[in-house]
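Q: In case you want the letters, here they are:
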Amino acid sequence: MSGEKKKIGVFICHCGGNISDYVDVEKVREEAEKEPGVVLAKTTMFACSDAAQQEMIEAIQKENLDGIVVASCSPKLHLYTFRAMAERAGLNQYRYTQVNLREQCSWSHRDDKEGATTKGASLVRAGIAKVRLSESLENSRVDTLPAVLVVGAGVAGMRAALALADLGLSVHIVETENEPGGWTAKLGPAFPSNRDGAELVRNLREAIQTRQNIALYTGAHVAEKSGSVGQFSVRVRLSSGESLQLKVGAVIIATGFDAYAPAKGEFGYGLPGVLTLPEFRHMLKTARGPLVFNGRRLGTVAYLYCVGSRQEPDEGHPNAHTYCSRTCCAAAVHTALLVNGLDPEVNQYHLFRDMRTYGKNELLYEEAGRKGSVFVRWDPGDPPEVQEEKGRMMVRVADLLDAGERIEIPADLVVLVTGMVPRPNQDLVHVFKLPLGKDGFFNEIHPKLRPVETVISGVFIAGASQSPKTIAESVASSLAAVSKSAALLLKGYVELEPFVARVDTARCTGCNECLAACPYDALEKTTEDGRQAVRVAASLCKGGGACVPVCPEGAIDLLGYSDSEVTEMIDALAREAVHA
Amino acid sequence: MTARVDPNLHREIARFGGHDVDLCMNCGNCTAICPLSEESGGSFPRRVIHLLQVGRTEKLMQTVDPWLCYYCGECSESCPRDANPGETMMATRRYLTARYDWTGLAGLFYRSAAAEIAALALVGLFVAALFVLFHGPVITGHVELNTFAPVHWVELGDLVMAAALTFFLLTNAARMAWMFMGGTEMFKISPAVYLRQVPVFLSHFFTQKRWRRCGSGGSQKRWLTHVILVSGYLSMLTLVLVLLRWFQTDRVYAVYNPQRLWGYYATAALLYGTVNFMVSRWRKADPMHRFSEASDWIFLVMLFLTALTGIVMHALRIAGLPMATYIAYVIHLAIAVPMLVVEVPFGKWAHLFYRPLALYLTSVKEAGASRVKAPVEAAA
Ligand SMILES: Cc1cc2nc3c(=O)[nH]c(=O)nc-3n(C[C@H](O)[C@H](O)[C@H](O)COP(=O)(O)OP(=O)(O)OC[C@H]3O[C@@H](n4cnc5c(N)ncnc54)[C@H](O)[C@@H]3O)c2cc1C
Ligand code: SF4
Ligand code: SF4
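Heads up: the sequence lines are chains A and B, in that order. Taking our numbering as reference, the numbering of the first sequence is continuous, increasing by one, and the terminal residue is 580. Taking our numbering as reference, the numbering of the second sequence is continuous, increasing by one, and the terminal residue is 1380.
So here's chain B without its partners, still in its complex pose (with noise of 0.2 Å):
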């Protein structure tokens, strides 16, 4: 079969943060350097680079390549035409991002910071007036939060945008899943094999655990920083969504108590992990860090105002300061919803799931690629 080139990729490219793919000679430098390449059996960051160049939409869509990279930045640092080769993967990774999401939203947010920023407030102001227009009975004697905000409505508003999240999620890995398999070609694999590889999805999910291996020196300290971040972030969610009842109390328990406990355990671990990121975008320590993008600072900013949020309304409650604590309280959701309803599906942290569905989806096309296989190797 005869690929067509589309010769306006790299151009494409260069609106995600890829401007240095006309750079690249194709000496495979980057190729030789990296860690994870050879033993994915892949010929990346080189190849990924040559299909931009290309313009080899279609394939760069199927190919898992981009999703094996998690940016030590060693290659860039070998490029001896200082061509970016990490920061090319990182643009193709946001690049397919936007290609998967079928509103055009994650494609928008990351060509215009403004636009991002604009759809944060959006949402924000609307969690504002909602508490402005339909708050419960204000108690000002002493902290009534679930007479404030009742516990049930604000569960209510949870779920709904917990669904509206999966649904954007599903149908965005759907696109992605097709995209990736070629199209109808993903039905020509049973459902079977599709069942058979999710542990793959569970555990790179939730470890990422490919990071470590990346990069000479300090990977283990990032990935191990990573690991703390997505564990307090998955608290966080659990909390609020699963648990609500259970989290959102009038009654101050004891500081030991399991509630308390893993509430502090969340805010801590976003704390660490978003500061200590921050600092290294700040001061471009690492490699990875050293070409900032106006997203990537975005989705940091607001984690971490999420847990700063979250720990003021914490304190103002236990000081025993009503009206403090309500607004503190709308403020905390002003920005955590709109941090949770345009980073996931649209944003930054989407990268973090199909990263793993990409292993999820190629580790599939392995297993029925060798299942298709194995009679002829029977017959031979």
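Bound-form chain A, shown alone (with noise of 0.2 Å):
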């Protein structure tokens, strides 16, 4: 093939025996120096190092190599170093290819040095192939508009809004509702200032007002998405019924949670004295003094927690919530302290499964016991049973702190502590492609590392749309989405990496299939010479590959994972396993 004229170096590393330890490198170095086109093999103690860099630097220069090979650890940890080094070298860093012999070879085979080493001579094999058909390619280039699209205007999407404006970006949040604020404006005093959450709205409403470039739509729905990262066009449907086409160059998602609706039965809900924590804090919001309930004053409340949260997959639940909500045990403490407030005299019992007042909310805990409140613990496998009793409410609970001794609290009220449940978002992740996870809430890429994107470049997740979350917590990943977005725009273009896919127009018959095959809709028809063909929009396209086996010409090819590539890659490796 043309490419075996290509010069070629390789570079083996001991990652200070991670890898020498099980893989004879020397061997492999051998085997690699045999491979047509390898003009120089070396090992090395750590590649990433900075004189082994610099050393690898002077070899392509002096060398004058056409492409490299280092065979170290995963390319997630050194991709990019390596990428950086070639370019700082002259040599296109598309004509670098990591082999992993690490996580894929010597930590893997501890046990048959032997054979990693001839695993590793194979993989390092299939790299020289690899780059030995690879071609020199550039980043694409997209210009980004300054502006963003925030949708909800919870405290999650109208902080985001305003730290946007003041790095001068211009920003529309909208909002379902007629109001913002979400639930934080519903839900009277919050932990840990025992601010008000009404307050905390209109102070953010009001920094909004006074912000030239903020546009806030309520009563508004997104309907349509167009474009990709910095030049997304967004139809938003008013509730006048008109619509509007937004132009941003990047969107954030901040649609929050919805509480868990307890089915009628549900740990006695429906009967006149079991509310849930939210119908009950709606309740407190315009309470002074002692309570009165149903016509009687307060005198006992059962907290049940848990509902809603935590649930067995297999307890008929076919969308069973097995997550832990995390904030409605301190949500739970905290609303009794609200109440000791009112009136001291009330008696509180929570029934809970493990107390997960993380963090600073510990103190909540310790500060509601202190003020009365009792804990008793209950077992999932026999949960408490709420039945109305001449009137008034009977909680009967197998005590675990007194191994399991059944008890009863008769009760004024039974409040039914809910989790946070994803909100109905069919329409959004139509719209915008998002991925949910499991639990239904969105998903970001990567939960520790890349924690608010999404794998639709340019759109953003922020607040309890993600995730069960606080309102400092919201806060907090609204802020890190803002500051990912205004890295993004403030830059004026970006970068996108070219393995997206090439259709060779002259095999194109314009058939089509490829077009469904996409979900992203990166491909769309044109005429090529007057004949129909197949385009593809490189910035909405993610190099998924999903186009290239339908097309029945084989006409599409991905850059970076060519076909050619990937089958030298396999041949290469069976060449070995032809000889074992």
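Since the hints were made in silico from the structure, they are not lab data. Built from N, CA and C at the ideal position, the CB exists for glycine as well. No false leads were mixed into what you were given.
Straight-line Cα separation of at most 16 Å, EDC-like style, residue types lysine to aspartate or glutamate; simulated pairs: (1) A:K371 - B:D1082; (2) A:K6 - A:E135; (3) A:K186 - A:D258; (4) A:K5 - A:E33; (5) A:K371 - B:E1012; (6) A:K76 - A:E103; (7) A:K5 - A:E63; (8) A:K542 - A:E524; (9) B:K1059 - A:E405; (10) A:K5 - A:E35; (11) B:K1059 - A:E408; (12) A:K285 - A:D196.
Per the computed footprint, the stretches of chain A lying under chain B, defined by three or more beta-carbons under 8 Å from a beta-carbon of chain B, are: (13) 392–403; (14) 408–421.
Computed far set for chain B versus chain A, every beta-carbon distance over 12 Å: (15) F1187; (16) T1225; (17) L1261; (18) G1320.
These two chains come separately, so use the hints to put the complex back together.
A: Quick look at the structure:
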């Protein structure tokens, strides 16, 4: 093949023993040297060290190399390190291939050094095959619009809008309800500061009104989206029925959560003495002194925790909420403190499964106890029962803190501490092609390292739309989304990796089979020399490759992972398998 | 059986000195560190605190746990929430003592030091008044105590008092048994079992032997002090209630005479014990003495004063000062009698009685249960 004339360099890393303890790197090096085109093969103690990188740069320049292979750790760790190194040496970064000798070889075959060495040599051979056919590729560049669409005007959305505006970006907030503020505005005083949520929201709203570059649309819905990162065009339906076309560079989704709605009869829900926590909080908002409930002074309250959270998948809930809503324990003990402030005579029983008032909220838990709240732990296998008896509620529970003895608590009010569930977000999922997690909340790319980015470039998630969060956590994540959007937009352009599909228009017959295969609508019809054909919109293409195998003409290839490259790699691997 | 809770129990216990019940988060550190809990198969103090929090009044009445605790205070030191589990156990004993007492006086005295002091003063004045009104001829030439206070009259008074004390103690003990055994359940166990277990009561009553195993250091000494105090106390009771005719004589015997030796021992033991415990409470040296309720002080002070006035009177008599001796005698009785009448059935002393009783009733329960179970096991 034509590629064989290329001059290739191979660098094999010891990883300080992580690799060389199990893989005979010298042997691998010898094998690599025999491959056609390889003009230089070296081992190195730590390829990622500054000194080793410098050595590689010198080798590339001195030998005038056309491509290099670094056989080291996972590309997740150092792909960008070595791409940058190649660029510094004057070599196109896509002429570099990383072979994973550590996670996929030495670490996984500690019991078989010889086998590991043979496999290592094969992997390197495949890497060399890929480099041999690699082309120089250039990142594509898209100009970005200095504007952001924020969907949802809860605390997360409002706080994001303010921060974006202060960075000089224009902001459009779209809120389905007629008032902004989300849950925070509805719940009264909020932990940990006890500031009134409505006041918090009022302050945010006033601040928003003073900014020229924020537009808030209430009673509005996102209807349609086109374009991609840097250049989105979104149609919004206003309350008036009119539509608005917004041009933005990025989108932040901050649509929050829904409170779990218990089924009728679930822990007595529907009985006159049973409320959910949000319902009870609503009642507390107007109270000023001793509480009156159902015409009687409130004497005893029983809180029932984990309702609608931590459900067993086989409990007969097809869409069981198996996760912990994490905010409700704190919200419940905080509510008990509010009640105690209104009337210290009220007896409060907390029927919990595990007390998860993490972090500073532990202090609320302690304080609630100090003020006389009583905690009774129950076993999910033997949950409490709520019944109406002689006009009062009777809660029966096996008290785990007393060896499971059954007790009954006569209560005036039973509060179901309901968890957080995802909103019915199908419309948004459809419009933005956003992935949902198993729990139904929006999903990030990586929970630790890329917590607010989604697989759709330029679309970020914030607040409780991602997972149950407190106000502070919601705001923290919304500000993270702000910084990710600003980092994207303030530069004025985005660079996109060139691994997109390429259509060989000479072979394309315009059958359009591929159009349906693409989940990102990145293929569009076009005419080429008067013939029907298909074209790739590079900024929309994610390089997923779904179109490649459906083309009956084999006219589509994926840059960076072309058919020929992959075939050569497989051949290189198979060659060793035959020997063995 | 499902037990109905009483949400007010934790407020009630606060009135008996259990102020920190609400602080407990049921972590169980206290139970883990307690040297007595595990060997008695209990889960105290944590479980007792939980019963208080939740409001399990009935179960609390039926559990022996509060009586198994001798308050070494290690639990209070290990509690991460500073919930003072040891003091809560003490408060629970006060509460239970009040619940057993049908007159309601025990509860009143625990909750109000003023009431207790008023009762003591009232009984004291009554005793003094009796002497002022009914004393015998006052011989001033030399000391003739048995003429001033004829021993058979005093003895009669003693017996009336002893009968009253016994009446209150026994009726309260019966109430305790009724509550502890779960009402009519108590009759399901044969009287023979009750009889056979009596030695359990006696040995615990006289020795408080479990105490020695309570706590790591120092409890041995506290236990010994307590035993000495109890022996002094019982000696005193025996001398004045049973042997008064032998004890209260006008003739002054030689120092080595048993009458004088036993009297001296009783006095010395009372002084040693009370001073020791008062100093400890004052300095808050032991964890168990860190939180003193008024009722704890009153009993100690009354005992101490009883011994002290006894010594003063004895000294005056030896010195041959008739008038002073008679007055000291009246004062001595005006302290000793209320100390007995108020403290024994209604005060701090009562818990010395209930504790072995609880241990006794527990072994009755166990023996009764194993007798019921036996045929089942045999069949299996
Ligand atoms: C009973 C209870 C008590 C709580 N107490 C506290 C507390 O004391 N302290 C604390 O820190 N946290 C508390 N929380 C949690 C707090 O409510 C949340 O952290 C916070 O509301 C999350 O804010 P958010 O903006 O992410 O979501 P939300 O408050 O849910 O706001 C989302 C907004 O988006 C809008 N929206 C939804 N879908 C769309 C759509 N498709 N298009 C446009 N707009 C949309 C909604 O109408 C809403 O206005 C409590 C929660 C509960 C249930
Ligand atoms: S935060 Fe508490 S109440 Fe909520 S789901 Fe988790 S454990 Fe249950
Ligand atoms: S009293 Fe203290 S140590 Fe004992 S269970 Fe309660 S919190 Fe824990």
